[in-house]
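Number of protein chains: 2
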Amino acid sequence: MNNIPSSLDVRLKARNGNNFTTSGLANSFVQTNVVIIPKKFAYDFMLYCQRNPKPCPLIEVFDPGEFSSSNAKNSDIRTDIPEYKIFKNGKFLNFSENIISLWREDFVTFLLGCSFTFENELIKNGIDLPYFKSGKNVPMFITSIDTINAGKFSGKMVVTQRWIPREKVVRTIQITSRFPNQHGTPIQVGNSEEIGILNPHKPDFGDSWIPDDKNLVPVYWACGVTPQIAIQNAKLEIVITHSPGKMFITDLKDEDMAVI
Amino acid sequence: MNNIPSSLDVRLKARNGNNFTTSGLANSFVQTNVVIIPKKFAYDFMLYCQRNPKPCPLIEVFDPGEFSSSNAKNSDIRTDIPEYKIFKNGKFLNFSENIISLWREDFVTFLLGCSFTFENELIKNGIDLPYFKSGKNVPMFITSIDTINAGKFSGKMVVTQRWIPREKVVRTIQITSRFPNQHGTPIQVGNSEEIGILNPHKPDFGDSWIPDDKNLVPVYWACGVTPQIAIQNAKLEIVITHSPGKMFITDLKDEDMAVI
Chain A
2 MNNIPSSLDV
12 RLKARNGNNF
22 TTSGLANSFV
32 QTNVVIIPKK
42 FAYDFMLYCQ
52 RNPKPCPLIE
62 VFDPGEFSSS
72 NAKNSDIRTD
82 IPEYKIFKNG
92 KFLNFSENII
102 SLWREDFVTF
112 LLGCSFTFEN
122 ELIKNGIDLP
132 YFKSGKNVPM
142 FITSIDTINA
152 GKFSGKMVVT
162 QRWIPREKVV
172 RTIQITSRFP
182 NQHGTPIQVG
192 NSEEIGILNP
202 HKPDFGDSWI
212 PDDKNLVPVY
222 WACGVTPQIA
232 IQNAKLEIVI
242 THSPGKMFIT
252 DLKDEDMAVI
Chain B
2 MNNIPSSLDV
12 RLKARNGNNF
22 TTSGLANSFV
32 QTNVVIIPKK
42 FAYDFMLYCQ
52 RNPKPCPLIE
62 VFDPGEFSSS
72 NAKNSDIRTD
82 IPEYKIFKNG
92 KFLNFSENII
102 SLWREDFVTF
112 LLGCSFTFEN
122 ELIKNGIDLP
132 YFKSGKNVPM
142 FITSIDTINA
152 GKFSGKMVVT
162 QRWIPREKVV
172 RTIQITSRFP
182 NQHGTPIQVG
192 NSEEIGILNP
202 HKPDFGDSWI
212 PDDKNLVPVY
222 WACGVTPQIA
232 IQNAKLEIVI
242 THSPGKMFIT
252 DLKDEDMAVI
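Those protein sequence lines, which keep their order, are chains A and B.
The numbering used here puts the first residue of the first sequence at 2, with every later residue one more than the last.
The numbering used here puts the first residue of the second sequence at 2, with every later residue one more than the last.
Only chain A is shown next, with the shape it has when bound in the complex (with noise of 0.2 Å):
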């Protein structure tokens, strides 16, 4: 008996209603972060994720209107993400089950790369990651670093944080940088005040993880939550996006995106 759910499976889970963070679920299928935006405003979000790639790596990106993902078959970007948040005109306005009573015609669906990815390479390196068989959320922080703007999409990048046994600190940016579009290599590894983030045990986003053991080291990885700040600089009428740690998956998998 095989108890890993499927791609198919986690996306009928979410279908059905129901919320759950996705780290380590259906754990060898690429998982996406996703922004969905009318087409008047795809072009410079486009943009904005090419000049910023190691937050916002382009997996996909729909036709106007398209709601099945060519990545991941009997899919639906409606209802196929656990939670899903709306914003409009810049304000976050609230969480979604799903989001069919709000589709349009001229949307457009962006798929991002998710540093889910690399996840099991660590784990499979002896890397805890405590979160990840917790059904808890990566801790994720707003950090001091300028994204390059594009249009109106400007702001701050947003990281994930994971704490790394200081003699496997090597290993992991080896693993990670086999998957460029996943996030890829660190931003920063050791010095949470350099990049910003005053209290790494206090994330913008995701759990808290207070670490019990001093060989441990904070390492940064950027993450696709970046996108929703700059959506809110942005102050488009209306964007959907996936909610934190609560990932779109594909048929995709992992160990295809690795470069190497």
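The hints are simulated quantities; they were obtained by calculation from the structure and are not laboratory data.
One should not assume that every hint holds.
If chains are identical, the list can't say which one is meant, so a pair holds when it fits in one copy or spans any two.
Claimed, not checked - Below, computed lysine-lysine pairings styled on DSSO-like, alpha-carbon distance capped at 30 Å:
no.	residue 1	residue 2
1	Lys-215	Lys-125
2	Lys-14	Lys-41
3	Lys-203	Lys-41
4	Lys-86	Lys-169
5	Lys-157	Lys-74
6	Lys-153	Lys-74
7	Lys-74	Lys-86
8	Lys-40	Lys-236
9	Lys-169	Lys-236
10	Lys-40	Lys-153
11	Lys-153	Lys-41
With chain A held as given, fit chain B onto it using these hints.
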């Protein structure tokens, strides 16, 4: 004395009206393919690049009307390429030494990665590239492989060809894996016919090379000339590109492009 020209030296040489191939020149600087199109077609073209990252890896997209690259100090995209190709309504019209008189405020310039980036690494590994030192142009072929379309853009993939000693093929794959934004790994090793190349000594662009050694294997990489085919199929009112093998030289260093 260092006789290797800087990136600016090569741009100035082109600006002064000289016509030359850039393979092997300024050999630690990143060279790029160039596509210049009106803003109204830029969304579909950027999407075409996103969907076809092997032939069309995006290095930079300029703001409309901008003619200086943020990756090349004091550059002018209207003069700094040795030779331009002008297409009108999908047909190749003429070559040009510069495009000053054609420039429009709604022109968007795209820089795409080029396989010349990994050529120095191949040379360092004892892989001889005869056209590299001779001032000749790398052989390029239109294959039978369909790219993924976006809006009006569609067409066959163009590839570059290099003849590699049999015992160096594995090393060649390793070296080029490090540069996913410069076409990365080969798309075909050894079997030209499998990608629709019936005569591997008769390229569609560039110069033919007939190897004199039975030990050499033809290896093919996706090529940044691919969008020139897609552009012709799209029949845009006007498009300007570099001439194959006569590239734009940035101030970026080849080694900075390596992901690992």
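Practice task
Tell me, please, which holds for Lys-215 and Lys-125 at an alpha-carbon limit of 30 Å: within, between, both or neither?
Solution key: within (22 Å within a copy, 44 Å between copies)
Practice task
Tell me, please, which holds for Lys-40 and Lys-236 at an alpha-carbon limit of 30 Å: within, between, both or neither?
Solution key: Answer is both; intra-copy 15 Å and inter-copy 23 Å each pass.
Practice task
State whether the alpha carbon distance between Lys-157 and Lys-74 is at most 30 Å within one copy, between copies, both, or neither.
Solution key: Between. Shortest inter-copy distance 26 Å satisfies the 30 Å Cα cut-off; intra-copy 34 Å does not.
Exercise for the section: Could you place Lys-153 and Lys-74 in one of the four classes (within, between, both, neither) given a Cα distance threshold of 30 Å? Expected result: For Lys-153 and Lys-74, the Cα distance is within 30 Å only across copies (25 Å; inside one copy 34 Å).
Practice task
Please work out whether the CA atoms of Lys-86 and Lys-169 approach to 30 Å or closer within one copy, between two copies, in both situations, or in neither?
Solution key: neither (36 Å within a copy, 51 Å between copies)
Practice task
Check Lys-40 against Lys-153 for me: Cα-Cα at most 30 Å, and say if that holds within a copy, between copies, both or neither.
Solution key: Classified as both: same-chain Cα gap 14 Å, cross-chain 17 Å, threshold 30 Å.
Handout entry: 30 Å Cα threshold - placement of Lys-86 relative to Lys-74
Key = Intra 24 Å, inter 41 Å, cutoff 30 Å: intra-copy only.
Exercise for the section: Could you figure out if Lys-169 and Lys-236 sit no more than 30 Å apart (CA to CA) within one copy, between two copies, both or neither? Expected result: neither (42 Å within a copy, 54 Å between copies)
Problem - Within, between, both or neither, where Lys-203 and Lys-41 count as close if Cα-Cα is 30 Å or less - result: Answer is neither: 37 Å inside a copy and 45 Å across each miss the 30 Å cutoff.
Handout entry: Up to 30 Å CA-CA - Lys-41 versus Lys-14, copy category
Key = neither (32 Å within a copy, 41 Å between copies)
Problem - 30 Å Cα threshold - placement of Lys-41 relative to Lys-153 - result: For Lys-153 and Lys-41, both the intra-copy (12 Å) and inter-copy (18 Å) Cα distances are at most 30 Å.
When held up to the earlier numbered hints, the structure conflicts with 2, 3, 4 and 9 and fits the remainder.
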